[in-house]
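Student: Residue numbers (my numbering), protein chains in the order written: chain A, 1 to 116; chain B, 117 to 228.
A hint or two may mislead.
Simulated pairs of lysine-lysine, BS3-like, Cα-Cα distance not exceeding 30 Å [what the hints assert, rightly or not]:
| no. | chain 1 | residue 1 | chain 2 | residue 2 |
| --- | --- | --- | --- | --- |
| 1 | A | 40 | B | 187 |
| 2 | B | 184 | A | 40 |
| 3 | A | 40 | B | 121 |
| 4 | A | 19 | A | 41 |
| 5 | A | 40 | A | 22 |
With the Cβ distance kept under 7 Å, some of the chain B side facing chain A (calculated, not the full set) [said to hold, decoys possible]:
| no. | residue |
| --- | --- |
| 6 | 144 |
| 7 | 158 |
| 8 | 162 |
| 9 | 209 |
| 10 | 218 |
I should point out that these hints are in silico values taken from the structure, not numbers from a laboratory. Beta carbons: idealized from backbone N, C-alpha and C, even for Gly.
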Amino acid sequence: ETGVTQTPRHLVMGMTNKKSLKCEQHLGHNAMYWYKQSAKKPLELMFVYSLEERVENNSVPSRFSPECPNSSHLFLHLHTLQPEDSALYLCASSQDPPSGGYNEQFFGPGTRLTVL
Amino acid sequence: DQQVKQNSPSLSVQEGRISILNCDYTNSMFDYFLWYKKYPAEGPTFLISISSIKDKNEDGRFTVFLNKSAKHLSLHIVPSQPGDSAVYFCAAFAGSARQLTFGSGTQLTVLP
Chain A
1 ETGVTQTPRH
11 LVMGMTNKKS
21 LKCEQHLGHN
31 AMYWYKQSAK
41 KPLELMFVYS
51 LEERVENNSV
61 PSRFSPECPN
71 SSHLFLHLHT
81 LQPEDSALYL
91 CASSQDPPSG
101 GYNEQFFGPG
111 TRLTVL
Chain B
117 DQQVKQNSPS
127 LSVQEGRISI
137 LNCDYTNSMF
147 DYFLWYKKYP
157 AEGPTFLISI
167 SSIKDKNEDG
177 RFTVFLNKSA
187 KHLSLHIVPS
197 QPGDSAVYFC
207 AAFAGSARQL
217 TFGSGTQLTV
227 LP
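Using the sequences and the hints given, assemble the complete structure.
Tutor: Laid out in structure tokens, this is it:
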């Protein structure tokens with residue numbers, strides 16, 4: 001596998017289910033991200049992990065719970081979601097320079113989530 | 117309130133002609149601007165970027181222009197090819213916030 005992979009690619013779940021999205025990056029990067037893309041809306045940053053520590057949490061509801069066990073893996077645990085949470089969930093990774101600044105983010109193909 | 121706006125949801129261009137995609141922003145703290153391209157069932161892929169200290173960056177058929185006074189950037193693709201048909205996202209990075217802010221995207225269709 002190369003780049004950033006995400007599983008599953010499609011997920012349908014009921015509002016009472018618990019499920020998890022998985023992301024894996026094979027690029028040796030030190031930062032990983034979860035984004036949400038709803039129809040006709042911009043990508044919204046949900047979580048940022050740098051060196052396995054969460055550094056940003058953009059006021060995401062607690063029914064979304066991220067986990068980053070190591071620099072290559074990122075999970076998004078889902079619990080009691082609402083129909084409006086149906087969206088494309090994208091994972092990305094980057095190699096953040098220690099002094100700050102920007103480095104390109106590489107995206108996975110996304111998980112298309114439908115909440116019934 | 118969207119800090120990065122792409123006001124044209126779609127654009128159609130004839131093959132061989134120039135495609136111009138536009139983006140406006142409101143936050144003067146952005147220090148990098150980027151364009152990503154997205155095909156269906158794939159994640160966005162990086163296309164080209166520009167630092168806020170420059171006004172132009174060129175890479176092959178792709179050129180990005182930045183007008184800081186107008187808080188406007190544009191992506192020019194010339195000549196356009198059918199394989200360029202995709203959704204193009206404008207994004208801006210603020211080093212202080214360490215996050216990318218995306219526009220809502222423009223669907224480009226290049227007609228053969």
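Student: Are residue 209 of chain B and chain A close enough, Cβ to Cβ, to be under 7 Å, as the hint says?
Tutor: holds, 5 Å
Student: Double-check residue 218 of chain B for me: the hint is only fine if its C-beta lies closer than 7 Å to a C-beta in chain A.
Tutor: Residue 218 of chain B check passes; min Cβ-Cβ to chain A is 4 Å, inside 7 Å.
Student: Can the restraint linking residue 40 of chain A and residue 187 of chain B be considered satisfied, given a maximum Cα separation of 30 Å?
Tutor: The hint holds at about 23 Å.
Student: Tell me if the interface restraint on residue 144 of chain B is satisfied: Cβ within less than 7 Å of some Cβ in chain A.
Tutor: violated, 17 Å
Student: Could you check if residue 158 of chain B really has its C-beta closer than 7 Å to a C-beta on chain A?
Tutor: At about 5 Å, which falls below the 7 Å cut-off, the nearest Cβ of chain A leaves the hint on residue 158 of chain B intact, so it holds.
Student: Can you confirm whether the C-alpha distance between residue 19 of chain A and residue 41 of chain A stays at or below 30 Å?
Tutor: Distance ~24 Å between residue 19 of chain A and residue 41 of chain A Cα, so the pair holds.
Student: Verify the proposed pairing of residue 40 of chain A with residue 121 of chain B, using a straight-line Cα cut of 30 Å.
Tutor: holds, 12 Å
Student: Close enough to count: is the Cβ of residue 162 of chain B nearer than 7 Å to one in chain A?
Tutor: holds, 5 Å
Student: Within 30 Å, alpha carbon to alpha carbon, are residue 184 of chain B and residue 40 of chain A?
Tutor: holds, 27 Å
Student: Hey, residue 40 of chain A versus residue 22 of chain A, does the alpha-carbon distance stay inside 30 Å?
Tutor: Distance of about 24 Å is within 30 Å: holds.
Violated hint: 6 only; the structure is consistent with all others.
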